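A.B. asks: As a plain string of letters, each chain reads:
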Amino acid sequence: MNSDISIVALSLQTAIVATAVTLPLGMFFAWLLVRKDFRGKFALDVLVSLPLALPPVVIGYVLLWAVGSNAWLGQLSVSLFGSTIAFTWFAAALAAAVVSFPLVVRSFAAALAGVDPRLEIAARGLGAGPARTFVTVTLPLAYRGVIAGVLLGFVRALSEFGATIVVAGNIPGRTQTIPSAIFTRISTGDTDAAWRLVIVSVVIGIAALAIHNWLLKRSGPGYARQGGSN
Amino acid sequence: MISFDLQLSRSGFSLDVSGVFDDGITAIFGPSGAGKSTLLNCIAGSLRPDGGWIELDDRVLFSSAEATRVATWTAPEKRRIGTVYQDGALFPHLDVQRNIEFGYRLIPESSRRFDPLELAEFLGLSGLLSRKPAELSGGERQRVAIARALAISPNLLLLDEPLASLDAARRGSVLNYLKRVHVEFEIPMIYVSHSVTEVVSIASKAMLLREGRVAGFDRPSALLLRAAAMGSVVGADPDAAGPDAAGTPTDRFENILDGVIGESTDHSTIVRVGDIEISTRRQNRNPGDSVVVSLGASQIILAASRPVNLSARNIVKGMVVEVWSSGGMVFTEIDAGPKFIVEITENAMSELGITVGNEVFLVFKSSSVDVFDA
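If you read the sequences in order, they're chains A and B. Going by the numbering used here, 159 is the number at position 159 of the first sequence; the sequence numbering is gapless. Whatever position you read off the second sequence (first residue = 1), add 230 for the numbering used here.
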């Protein structure tokens with residue numbers, strides 16, 4: 001039972017950290033893709049969505065190489081922490097973040113695309129700078145899509161298995177998350193213990209969806225987008 | 231005063247315009263695609279021209295390095311230029327009061343000239359402050375947009391087709407509010423429109439744009455004359471579809487006048503417009519009510535002498551101020567106290583011998599006059 005608690009805690013920890021990283025980054029890339037015109041936009045769009053089209057194991061293997069001491073990311077972590085982050089919970093969070101990133105960016109992009117850019121232009125003309133315009137006009141109007149994106153990213157991070165097991169391993173108490181623990185328990189025939197974590201997964205899933213719906217309701221009535229031509 | 235000389239090119243379109251606008255209401259008009267909104271966006275700062283300069287009250291808002299050696303750029307949020315868009319562009323997540331206060335809160339206290347709640351009252355919005363934009367009519371939305379733009383105590387008010395998405399009744403009403411705003415707050419305005427009716431009734435000066443160039447800058451009615459002579463009557467653009475094509479003065483010109491309800495009989499009501507009285511169909515309004523009167527230019531008959539034994543209830547004496555022709559039709563501007571634009575045929579004009587300075591009589595039926603709330 002104690003190990004169950006630490007497994008769930010580690011899962012939540014990696015998923016929350018992964019979501020906290022993808023939220024601002026995903027918003028920035030979504031904004032770039034929706035509101036800006038630049039060379040290489042198509043290439044960036046493909047690159048951002050690429051993890052979606054790859055087997056997670058492939059992502060895990062690429063990440064393992066990237067955080068290794070031969071790649072610059074690995075060298076950076078060696079100079080900062082004295083070791084690579086491979087087979088630590090940081091690596092699990094990184095894997096979860098990379099895998100959920102395309103889903104987050106795509107949700108945010110759809111949300112931002114639904115905000116009439118003329119409202120942002122109007123806000124600028126009324127004296128709001130770019131940051132204030134984003135916070136007071138764009139974000140409130142993109143609220144639903146942003147919430148959906150955060151939830152999607154979080155549940156994807158929570159369910160991450162393939163990339164995580166390659167780059168972070170399946171070390172009990174250190175990098176073992178709910179999916180990898182269930183995998184271990186099924187392989188070892190410990191089905192009762194596996195079922196316990198299956199139930200925990202269902203409960204967490206329901207809780208995440210309930211929070212999602214509650215946040216959406218809070219946006220209140222009269223929110224409907226203003227009609228209008230061109 | 232705003233002056234500009236700017237150039238901008240985009241694929242398939244180039245804008246190269248210059249002008250000096252005084253502190254009155256200046257209209258920019260022309261067919262769709264002429265560059266009206268592009269010019270407005272450059273002044274507002276949502277679009278950066280490629281070259282030239284823009285100056286508002288001795289403040290350089292934009293200049294390219296070629297124009298002034300050192301490039302200048304004032305971000306839109308620093309310009310204090312209020313803009314009213316075609317469909318209002320109100321913030322859908324904020325109620326009316328918060329929409330109006332949005333910009334007001336962002337300007338320094340020392341430069342706040344108008345109180346948002348007083349603006350709301352002036353524009354007849356006091357009862358709607360807690361409504362969301364989705365719960366407003368088109369006319370109410372435009373009035374909120376006007377209040378929101380005024381609340382930043384703007385140095386200049388830009389109006390981009392502010393009436394285009396409204397029906398005829400609301401159009402007259404909002405137009406009237408805009409006139410009152412100009413008188414009350416003394417803010418210079420630039421009014422973009424493809425509607426000759428609106429331009430003539432609100433603006434003191436008008437700039438005609440065609441294909442990104444200035445095709446004329448004059449009094450609105452004088453500009454119509456020039457536009458007709460050049461065969462470039464507004465709206466006669468073959469590519470223009472929908473409302474733009476319908477903006478042709480030859481079939482759509484409406485005289486729009488401010489009036490006050492006078493006495494009523496069983497079947498008719500008098501509306502006073504300046505010094506003259508116009509007989510209209512009976513109105514369910516009270517004497518003293520302010521109204522807007524609309525009368526089609528083609529609904530008026532001209533007579534060289536005062537006609538007798540006529541069923542038409544309105545016979546008004548006036549003087550011919552201007553005559554111009556367009557597409558086989560002749561337009562005359564008649565000063566009868568208020569000014570009327572009257573449309574007649576070439577033949578009628580030569581038979582009547584109508585020339586500038588002539589005394590004429592305007593004849594129209596009560597039923598030709600539409601009366602709207604002011």
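Mixed in with the good hints there might be a few duds.
[What the hints assert, rightly or not] Here are some chain B residues pointing at chain A (derived, C-beta under 7 Å):
no.	residue
1	276
2	277
3	280
4	281
5	283
6	313
7	319
8	337
9	338
10	382
11	383
12	568
[To be verified] Derived list of chain A stretches under chain B, where covered just means 3 residues or more per stretch with a C-beta under 8 Å from a C-beta of chain B:
no.	stretch
13	8-19
14	37-43
15	134-144
None of these hints come from the bench; they were simulated from the model. Computed from a predicted structure; not experimentally measured. All residues carry an ideal CB built from backbone N, CA and C; glycine is no exception.
A.B. asks: All hints are to be evaluated individually against the structure, with a verdict given for each.
C.D. replies: Okay, the hints, checked on the actual structure:
1. Using the Cβ-Cβ criterion of 7 Å, the hint placing residue 276 of chain B at the interface with chain A is satisfied: the shortest such distance is roughly 5 Å.
2. With a cut of 7 Å, the hint placing residue 277 of chain B at the interface with chain A is violated, because the nearest CB-to-CB distance is about 9 Å.
3. Below 7 Å, beta-carbon pairs count as interface contacts, and residue 280 of chain B has none with chain A, the closest being about 16 Å; its hint is therefore violated.
4. Interface restraint check: residue 281 of chain B against chain A, minimum CB-CB distance 21 Å, threshold 7 Å, status violated.
5. For residue 283 of chain B, the shortest C-beta to C-beta distance to chain A is roughly 20 Å, which exceeds 7 Å, and the interface hint is violated.
6. For residue 313 of chain B, the suggested interface contact is upheld, since its CB lies about 5 Å from the closest CB of chain A, less than 7 Å.
7. For the restraint placing residue 319 of chain B at the interface with chain A, the shortest Cβ-Cβ distance is roughly 4 Å, inside the 7 Å limit, so the hint holds.
8. Interface hint at residue 337 of chain B: satisfied, since its Cβ lies 6 Å from the closest Cβ of chain A, which is below the 7 Å cut-off.
9. Interface hint at residue 338 of chain B: violated, since its Cβ lies 10 Å from the closest Cβ of chain A, which is beyond the 7 Å cut-off.
10. Given hint, residue 382 of chain B at the interface with chain A, holds; its Cβ is 6 Å from that chain's nearest Cβ, closer than 7 Å.
11. Using the Cβ-Cβ criterion of 7 Å, the hint placing residue 383 of chain B at the interface with chain A is not satisfied: the shortest such distance is roughly 10 Å.
12. Evaluation of the residue 568 of chain B hint against chain A yields a violated restraint, the C-beta minimum of about 33 Å exceeding 7 Å.
13. With a cut-off of 8 Å between beta carbons, the stretch 8-19 of chain A has 0 residues touching chain B; three or more are needed, and the interface restraint is violated.
14. For the stretch 37-43 of chain A, the proposed coverage by chain B is not satisfied: 0 residues have a C-beta within less than 8 Å of a C-beta in that chain, short of the threshold of three.
15. With 4 residues having a beta carbon nearer than 8 Å to a beta carbon of chain B, the stretch 134-144 of chain A meets the requirement of three or more and the stated coverage holds.
In summary, the numbered hints that this structure violates are 2, 3, 4, 5, 9, 11, 12, 13 and 14.
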